[in-house]
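One line per chain: the protein sequences are A and B, in this order.
The first sequence maps to residues 1 to 134 in the numbering used here.
The second sequence maps to residues 1 to 128 in the numbering used here.
Derived by calculation from the structure, the hints in this document are not laboratory data.
Some hints here could point you the wrong way.
[Stated by the list, open to error] Below, a sample of chain A positions facing chain B; criterion: calculated Cβ distance under 7 Å:
#1 53
#2 95
#3 115
[Unchecked claim] Quick list of simulated restraints, FRET-style, between CB atoms:
#4 B:91 x A:64: 49 to 59 Å
#5 A:45 x B:96: 23 to 33 Å
#6 A:118 x B:89: 21 to 31 Å
#7 A:81 x B:96: 33 to 43 Å
#8 B:112 x A:26: 47 to 57 Å
#9 A:16 x B:30: 26 to 36 Å
#10 B:28 x A:20: 55 to 65 Å
#11 B:105 x A:45: 34 to 44 Å
[Stated by the list, open to error] For lysine to any residue, the following SDA-like pairs were computed, each having C-alpha atoms within a straight-line distance of at most 20 Å:
#12 B:7 x B:78
#13 A:22 x A:124
#14 A:118 x B:42
#15 A:123 x B:46
#16 A:118 x B:56
#17 B:7 x B:107
The C-beta atom is built at its ideal place from N, Cα and C for all residues, glycine as well.
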Amino acid sequence: MFHATTTIVFDHFNEKSDDVKKLVDEALEKLVRDGEARAKLNCTSMGTIDTGNMQNAIYSKGPGFSTFGAAANTQPEEPIGNHEALVHAGAPYSIFVDYGTIHMPGRPFFSEAVESIKTTAEKVMGQILDGGLS
Amino acid sequence: MEFLIGKLTTPLTAYVGTRIFADVQPGDATWPVVIFQLLAAPDTLGAGATRVMTRAVYRIKAITKGAGMQLPVDIAAAIDSALHKADGVFSGFYVTAHRVNSFAYSEVSSGETFRHVGGEYRVDVHPQ
Numbered sequence: 001m002f003h004a005t006t007t008i009v010f011d012h013f014n015e016k017s018d019d020v021k022k023l024v025d026e027a028l029e030k031l032v033r034d035g036e037a038r039a040k041l042n043c044t045s046m047g048t049i050d051t052g053n054m055q056n057a058i059y060s061k062g063p064g065f066s067t068f069g070a071a072a073n074t075q076p077e078e079p080i081g082n083h084e085a086l087v088h089a090g091a092p093y094s095i096f097v098d099y100g101t102i103h104m105p106g107r108p109f110f111s112e113a114v115e116s117i118k119t120t121a122e123k124v125m126g127q128i129l130d131g132g133l134s
Numbered sequence: 001m002e003f004l005i006g007k008l009t010t011p012l013t014a015y016v017g018t019r020i021f022a023d024v025q026p027g028d029a030t031w032p033v034v035i036f037q038l039l040a041a042p043d044t045l046g047a048g049a050t051r052v053m054t055r056a057v058y059r060i061k062a063i064t065k066g067a068g069m070q071l072p073v074d075i076a077a078a079i080d081s082a083l084h085k086a087d088g089v090f091s092g093f094y095v096t097a098h099r100v101n102s103f104a105y106s107e108v109s110s111g112e113t114f115r116h117v118g119g120e121y122r123v124d125v126h127p128q
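With the hints as constraints, model all of the structure from the sequences given.
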């Protein structure tokens with residue numbers, strides 16, 4: 001069974017101060033919340049909604065927060081570690097909608113959202129770890 | 001898009017002939033095929049909203065009929081050989097491509113197994 005997930009991990013800063021780690025965690029939360037919102041918006045704009053189950057099964061999770069409880073999932077919540085965050089498309093058929101089948105083109109509601117936050121993550125995390133944001 | 005088709009046509013002829021399609025197989029049920037699809041194409045803007053470059057991401061995959069994995073993997077490898085680190089000049093634009101993700105999944109339709117194997121390629125386009 002497939003579950004579309006993207007996970008952001010920044011675990012190479014043991015020498016960084018607690019203030020920087022706090023900034024990273026805050027940035028992770030913002031990024032994956034944006035990713036969840038964008039994936040849900042994409043469900044609407046890409047015309048994927050039939051029952052709404054796939055859209056409602058998308059959730060995000062990060063340091064100290066999770067929207068799993070508000071999502072309509074029959075699968076268990078995905079685990080994460082310290083300084084990690086994820087956006088998850090919990091409906092098992094999400095991959096067929098996103099990547100396409102032999103009968104229909106992909107409607108990349110999730111991949112587009114991941115691509116969007118990935119670009120932002122590279123910029124923001126680079127600035128934080130370089131000391132440009134504090 | 002023409003850049004991609006130009007790079008893929010010759011290396012893939014032995015596998016799929018000319019069956020390289022945008023978005024979906026058109027329905028003649030001849031397999032295997034190669035499908036490409038645009039995922040995103042954000043612009044990078046300079047001063048005054050000058051369009052400096054476009055960074056597109058295309059998903060390109062082989063679809064094969066049957067449970068065997070060797071053929072789709074071989075086709076995906078041929079796609080990757082043709083596109084990863086590819087560059088060129090096309091219609092007044094510099095174009096470069098590299099793979100940013102790979103994937104494989106299976107689909108069962110009317111009792112037949114179909115394999116989908118491919119990658120996502122970032123294609124950067126900027127004026128000469």
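Outcome of the hint check:
1. 53: Where the cut-off is 7 Å and the nearest Cβ of chain B is about 19 Å from residue 53 (chain A), the hint is violated.
2. 95: holds, 6 Å
3. 115: With Cβ-Cβ at 5 Å, under 7 Å, it holds.
4. B:91 x A:64: 49 to 59 Å: Cβ of residue 91 (chain B) to Cβ of residue 64 (chain A): about 50 Å, so the range 49 to 59 Å holds.
5. A:45 x B:96: 23 to 33 Å: At 29 Å between Cβs, range holds.
6. A:118 x B:89: 21 to 31 Å: holds, 28 Å
7. A:81 x B:96: 33 to 43 Å: holds, 35 Å
8. B:112 x A:26: 47 to 57 Å: At roughly 49 Å between Cβ atoms, residue 26 (chain A) and residue 112 (chain B) fall inside 47 to 57 Å, so the hint holds.
9. A:16 x B:30: 26 to 36 Å: Since the Cβ atoms of residue 16 (chain A) and residue 30 (chain B) sit about 56 Å apart, the hinted range of 26 to 36 Å is violated.
10. B:28 x A:20: 55 to 65 Å: holds, 57 Å
11. B:105 x A:45: 34 to 44 Å: Between residue 105 (chain B) and residue 45 (chain A), where Cβ atoms are some 24 Å apart, the hint is violated.
12. B:7 x B:78: holds, 11 Å
13. A:22 x A:124: holds, 14 Å
14. A:118 x B:42: holds, 13 Å
15. A:123 x B:46: holds, 17 Å
16. A:118 x B:56: Holds: residue 118 (chain A) and residue 56 (chain B) sit about 14 Å apart, inside 20 Å.
17. B:7 x B:107: Distance ~28 Å between residue 7 (chain B) and residue 107 (chain B) Cα, so the pair is violated.
The structure is inconsistent with the numbered hints 1, 9, 11 and 17, although it conforms to all the rest.
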